[in-house]
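Those sequence lines, one after another, are chains A and B.
Anchor point for the first sequence: position 187 equals 443 in the numbering used here, and the numbering is continuous, going up by one each time.
Anchor point for the second sequence: position 237 equals 269 in the numbering used here, and the numbering is continuous, going up by one each time.
Worth flagging that the hints you see were computed from the coordinates, not collected in a lab.
Just to be clear, a hint being listed does not mean it is correct.
Stated by the list, open to error - Cross-link-like lysine to aspartate or glutamate pairs, in silico, EDC-like; alpha carbons within 20 Å at most:
#	chain 1	residue 1	chain 2	residue 2
1	A	Lys480	A	Asp493
2	A	Lys551	A	Asp561
3	A	Lys461	A	Glu394
4	A	Lys510	A	Asp566
5	B	Lys125	A	Glu437
6	A	Lys551	A	Glu565
7	A	Lys278	A	Glu288
8	A	Lys461	A	Asp400
9	A	Lys292	A	Glu269
10	A	Lys361	B	Glu116
11	A	Lys335	A	Glu303
12	A	Lys402	A	Glu452
13	A	Lys449	A	Glu460
14	A	Lys461	A	Glu306
15	B	Lys37	A	Asp384
16	A	Lys361	B	Asp119
17	A	Lys431	A	Asp384
18	A	Lys449	A	Glu397
19	B	Lys125	A	Asp367
20	B	Lys122	A	Glu269
21	B	Lys37	A	Asp385
22	B	Lys37	A	Glu382
23	A	Lys348	A	Asp384
24	A	Lys448	A	Glu397
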Amino acid sequence: MIIDVNHLSKSFEYYKKELGLKSSIKNLFYREKLTKEAVRQISFQIEEGEMVGFLGPNGAGKTTTLKMLSGILHPTGGKASVLGFTPWERKKAFKMQFAIVMGQKNQLWWDLPANESLYLNKCIYEVDDRTYQSTLGELTELLDVKDLLNVQVRRLSLGERMKMELIAALIHKPKLIFLDEPTIGLDILSQKKIREFFKYYNREKRATIILTSHYIADIEDLCKRSIIINQGRIVYDGDLQGVNEVFAQSKVIKLQLSVPVTPKVLATFGHVREQSDELTVTLEVPRAELKERSKAILDRLPVLDFNIEDIPVEEGIALLFEKQGVPDAVA
Amino acid sequence: MLLLKKYSKAFELGFQTALEYRLNFAISLVSAAYPIIIQTFLWTAIFQASAQQVVYGYTFRQMIAYTFLAGLVARIVRTGFEYEIMDDVKTGKFSRFLVQPVGYFQYRLCSFFGNKLPGLAMILGLLVIVLVGLNIFWGVSVQFVNILVFLVTMVLAITLNFLLFYSISAISFWIVEVGFLFEGIRIVTILLSGGIFPLEVFGDRFMQVVNFLPFKYTVSFPINVLNGKTDPAGIVTGILLQCLWIVIFLGVSNLLWRVGSRRFVAVGG
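Start from the sequences and build out the full structure, keeping to the hints where you can.
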């Protein structure tokens, strides 16, 4: 077992601030202290070589959990063992064996070519020259960024930069990889490329990968097992199949119309979820009938713009509870 | 060997970044000349209006020489990483140093010295020109021994100022936006260190206090070693005080950073 988490909790103190200037001034003198329980008593185990997805809405506690498991944060309560270490003791032997990539934080030197930062990481992780060269060659090949190594990081695109971040994180061949929203802000193509890379990496290197995301596609594509977190609690842990049934049952179609259409007519194409004004409509259709319904909509409605999306994670979770009969109070 | 390598690489990257922005540095040198020129006018006026040849224990030429040297030395010891540290803490980038097997202090120190090196070389070159110029035009001569001792005190001064500002930058852990505070502290320290004009200007009582503060040992003291105003006994005491302050600030920065990063860990990045 590579990760063993027992009743891990983390709460933060923060200050309440109401809207407006008056309360800003009031805040200068007196601030009401509040406690937010970001993670509440979570427990789970992860085996070596597993690829597990943490799914949940923003602020659910995914990142906080990862930060505790990587030793960045001290928990308020509970225990965790990662690779046989207690992460927040931050032993060097522990640090040498894992990596964390945060989609929103970069570690590359902005003004220098990426290979300088990569070399710095080689030195930091005490990788010898030959291993470094072969790892670097392999990773740049896989991610298709060989030609970009000598370009200053500030000149790279977001997707290219993310790939360099990944290489920087993997240069010491970590056994365990934490990925926090690795595909955030990337276009669909880059997202896909990066997902394929992780799939390969997990299969070939037997590396354990823990991934957080609020895109279902990320998890769906990569992880057999998913842990769904909501409001700091684990609400589902297991095969993605069960979740998939709920999430994948229907799709959401967003329409921009050129001429107003009555709700009654719209209802014949699918369940009207939202109609913010006469010309902007959101429809929900069963996944199985997506193709026919889309075709019908495009043929018969005055469509300007057409978008197919997944059900938002928050709703999917709510649906999950409905299905399992878990009381709403927990969610 | 591999252990040393990670810090020498940090040094090298700091060096490269400085070269990447060499034009910026050249411009900063020009801007450094500006206050020096203003002060030259100021002192000229003061000496002309004064009935005495010697003001605050300096002749006109000594005063101008001090002004030039202070401008250069203050620039050599000057830090700038406190803003980077603030940014690291504010944006949570600091957490990277918690998960990687690398010491933040050593990393900062090495990249700081690397970043300083090109500028340092340039300023030392300028210093030589200034010294030679002073010698040729005004006959202000500098002993060779003084230059050697000056270099020793400079290394200590740079180290001391690094530690001073490394300690100060720990404030980032408690206050999120500290840019202006850093600027304020910098202005006060530059004044107290004699980076603008000689500390004698402030009067005897003030001098007695300043002698016991660390600031003087970052700018004023090395200059007074170079221009021969400090006698051998004073030099020995000065160097000892530099070392003492370095030890003190090593302790202070260590403590502040330990408490601060514990706080960072508690509050989250």
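Consistency of the hints with the structure:
Pair hint A:Lys480 plus A:Asp493 holds up; C-alpha atoms about 11 Å apart against a cutoff of 20 Å. Restraint check for A:Lys551 and A:Asp561: the C-alpha separation of about 14 Å stays at or below 20 Å, so the hint holds. For the suggested pair A:Lys461 and A:Glu394, the alpha carbons sit about 12 Å apart, so the restraint of at most 20 Å is met. For the given pair, A:Lys510 sits about 11 Å from A:Asp566 by alpha-carbon distance, which is consistent with the 20 Å threshold.
A threshold of 20 Å between alpha carbons decides the hint, and for B:Lys125 with A:Glu437 the separation of about 16 Å falls inside it, so the pair holds. Between A:Lys551 and A:Glu565, the direct Cα distance comes to roughly 16 Å. Compliance with the 20 Å bound is thereby established for this hinted pair. Between A:Lys278 and A:Glu288, the direct Cα distance comes to roughly 15 Å. Compliance with the 20 Å bound is thereby established for this hinted pair. A C-alpha spacing of about 19 Å is found between A:Lys461 and A:Asp400, which places the hinted pair at or below 20 Å, so the restraint holds.
For the hint pairing A:Lys292 with A:Glu269, the CA-to-CA distance comes to about 6 Å; that is within 20 Å, so the pair holds. Taking the CA atoms of A:Lys361 and B:Glu116, the gap is near 15 Å; set against the 20 Å cutoff, the hint holds. Our distance criterion of 20 Å between C-alpha atoms is met by A:Lys335 and A:Glu303, whose separation comes to about 17 Å. Only pairs whose Cα atoms come within 20 Å are accepted, and A:Lys402 paired with A:Glu452 is accepted, the gap being roughly 18 Å.
Between the alpha carbons of A:Lys449 and A:Glu460 the distance comes to roughly 16 Å, so the proposed pair stays at or under 20 Å and holds. With a C-alpha separation of about 11 Å, the suggested pair A:Lys461 and A:Glu306 falls inside the 20 Å cut-off, and the hint holds. With a CA separation close to 11 Å, the supplied pair B:Lys37 and A:Asp384 stays within the 20 Å bound. Among the hinted pairs, A:Lys361 with B:Asp119 is consistent with the structure: their alpha-carbon atoms are about 12 Å apart, no more than 20 Å.
Between the alpha carbons of A:Lys431 and A:Asp384 the distance comes to roughly 17 Å, so the proposed pair stays at or under 20 Å and holds. At most 20 Å may separate the alpha-carbon atoms for a hinted pair to count; A:Lys449 and A:Glu397 meet this at roughly 13 Å. With a C-alpha separation of about 16 Å, the suggested pair B:Lys125 and A:Asp367 falls inside the 20 Å cut-off, and the hint holds. Of the supplied pair hints, the one linking B:Lys122 and A:Glu269 holds, its CA atoms being roughly 17 Å apart against a limit of 20 Å.
Pair hint B:Lys37 plus A:Asp385 holds up; C-alpha atoms about 12 Å apart against a cutoff of 20 Å. Of the pairs offered as hints, the one joining B:Lys37 and A:Glu382 holds, with about 8 Å between alpha carbons and a cut-off of 20 Å not exceeded. For the hint pairing A:Lys348 with A:Asp384, the CA-to-CA distance comes to about 17 Å; that is within 20 Å, so the pair holds. Restraint check for A:Lys448 and A:Glu397: satisfied, since their Cα atoms lie roughly 16 Å apart, inside the 20 Å limit.
In terms of the numbered hints stated before, the structure departs from none.
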